[in-house]
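Make the full structure from the sequences, and use the hints.
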Amino acid sequence: MALLEIRGLTVDFDGPRRVCAVDHVDLSVERESCLAIVGESGSGKSQLLLSCVGLLAANGHARGSVRFDGVELLGAGDPAARIRGRGIGFVFQDASGSLTPHRRIGEQLAEAGIAAGGITRHAAIAEAERMLTRVRLPQARRHLADYPHELSGGMRQRVAIAAALMPRPQILFADEPTTALDMTVQAEIIALLGDLSDELGMAMLLVTHDLGVVSGLADHIAVMYAGRILESAEASRFFAGPRHPYSAGLLAAVPSLDDPPGTELRCIAGTPPRSGTTLPGCRFEPRCERAQPRCRGEDPPFVSRGSAGIACHFPLYQDDR
Amino acid sequence: MSRHGGLWRDALHRLAANRLALASLAILVLMTAAASLGPLLLDYRQDEIDWAHMAAAPFSAEGHWLGTDRLGRDLLVRTLHGLRVSMGIALLATLVSLAIGVTWGAVAGYLRGRTDALMMRFVDVLYALPQVFFVIILTVVFGRSPATLLVAIGAFGWLTMARIVRGQALALREREFVDAAIVGGAGTARIVARHIIPNLLGPVIVYATLTVPQVILVESFLSFLGIGIQEPLASLGNLIADGATEMETATWMLVVPAGCLVLLVFCFNFLGDGLRDALDPRDH
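Top to bottom, those sequences are chains U and A.
Counted from 1, the first sequence has number 191 at position 101 by the working numbering; the numbering is strictly sequential.
Counted from 1, the second sequence has number 402 at position 66 by the working numbering; the numbering is strictly sequential.
It is worth saying that the hints were derived from the structure and are not from the lab.
Treat the hints with care, since some could be wrong.
[As the list claims (entries may be wrong)] The following residues of chain U were derived to be distant from chain A, with all beta-carbon distances above 12 Å: (1) R153; (2) L341; (3) D349; (4) S365; (5) E388; (6) S397.
[What the hints assert, rightly or not] Per the computed footprint, the stretches of chain A lying under chain U, defined by three or more beta-carbons under 8 Å from a beta-carbon of chain U, are: (7) 510 to 520; (8) 525 to 537.
If you're wondering where the values come from, they're calculated on a predicted model, not measured in any experiment.
Quick reminder that beta carbons are idealized off the backbone N, C-alpha and C, glycines included.
Quick look at the structure:
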């Protein structure tokens, strides 16, 4: 059984118009593996992550099933809170925001350990220092007494990762953990996340809009568009040959160092559908180069075979490789 | 933004650069020391009558530096006693309003929804009661004493604090570090105590320093009206009330306690202003 099993997850938001951010998503994350969800902004990837840990806004509703280690997380009361602390760590996009500004880093980390339970204050502080060393923060002991505003953005993100790791989670959720950082620091943080998941035997669910970020890290890729998973595949097969036209477009849009100077950046024409609009057919059809009349009238179901799956009437390859 | 020290050390540095606030702090420390130690060092008790010097002007009679009132009681000793009572009530009432107001507001703001509505409507109801009327009822039922006055002032003092704190808590609970704590498995009590309250201490401390002079004024006002501290106990309010009846013949009886009150309120206000500037993160 997979560590995290998401089945038919749907997230709606009430409002003047009812908005469906996530639409019948199936995903699973195996132990000690890394799944990356890739998509444009507004594709629902962040809401997918937030709904798993019960952090949806007050007008949001999640339906379907999210089972973590066999325990249902959706609609669960207290057991879910305990699972969240011990089993799931969460790294947010903006580390400065996820650290309490008026408390010292050492106290915050210790607090995260104590909140999850089963550890004394003294042990928690020692553990905080070890964790800061583990996230490669130089002079960890000295930084225990610092406030978040005294650190640089990259250091803050390291501290935020350390805080998420304090309860020794089995899986780490990371919601665009590098978008707030500059390029060189991004690479460091991504490498760090990869190392940590190996060292701690921890699974990862990574959300990003940057395929470059996940290429070296993810074991499995899921491409999300307008609330649906369009394609999911093992990373090696995905990068070798994406089957969905949207995936192919995303990959083609990644600039390469081998391109001759002056090469125009490729992009996918058009914009994603506005949230709240529903199309009778495939939601990527208006932007798809391979669209046929059938695509306009009939929404392709998500067909999975083994660990791969696709929602397209006319994939680039049939799955018989 | 300073690279050295924490938020509070930075704030102290900025406060130290504010001469007015620093001078106010020094004067407040002096006044507190004088009010608590002075009466022990002086030769007269607050209700001791000197039959030889009644209504003596300042420096005119041996040992009575600020003169005596019309019963021959030493005015300096009585003013220091009054200061002690007024400041004591003000500090206690502020502590009470801090404890109740901060907890009440933080819980209401963090929980939102129906709990918040119920808690804040209760605050609205208390707001609607006229305070003086409430104090009169209390003094009729429980008699006139500093304790009754304290309860009466404390019962109203926390209302504004609760409203300020609730507003701050509403904004803070949407911040990502609260989400991070929730995912970390922290319960409501822990989040309020460790993530909400520490982050709103800046505005709270500033408002508290502005509450102290307010309470001193309310106490003086009630004592002036005769429903606060009663003779022979001295408070700044009833000393001023006494002095006001004699102001044409013995100005010092009004000037000494009134000057003391003015100085006290000014100092607290300047200190509060200084703290507000020092703790405002936008000035970093």
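| query | Can we confirm that no CB of chain A comes within 12 Å of the CB of S397 of chain U? | reply | holds (28 Å)
| query | Is the Cβ of S365 of chain U farther than 12 Å from every Cβ of chain A? | reply | holds (21 Å)
| request: Please count how many residues of the segment 510 to 520 of chain A have a CB within 8 Å of a CB from chain U and say whether that reaches 3. | output: holds (count 9)
| Within the segment 525 to 537 of chain A, is the number of residues with a Cβ closer than 8 Å to a Cβ of chain U three or more? | The restraint on the segment 525 to 537 of chain A holds, since 6 of its residues have a Cβ under 8 Å from chain U and three suffice.
| Verdict on L341 of chain U as a residue remote from chain A, using beta-carbon distances over 12 Å | holds (31 Å)
| E388 of chain U and chain A, when compared Cβ to Cβ, separated by more than 12 Å | It holds; E388 of chain U is separated from chain A by about 39 Å at its closest Cβ, greater than 12 Å.
| message | Minimum C-beta separation from D349 of chain U to chain A exceeding 12 Å: can you confirm that? | response | holds (37 Å)
| field | Check on R153 of chain U being off the interface with chain A, judged by Cβ distance over 12 Å | value | holds (21 Å)
In the structure shown, no violation is registered for any of the earlier numbered hints.
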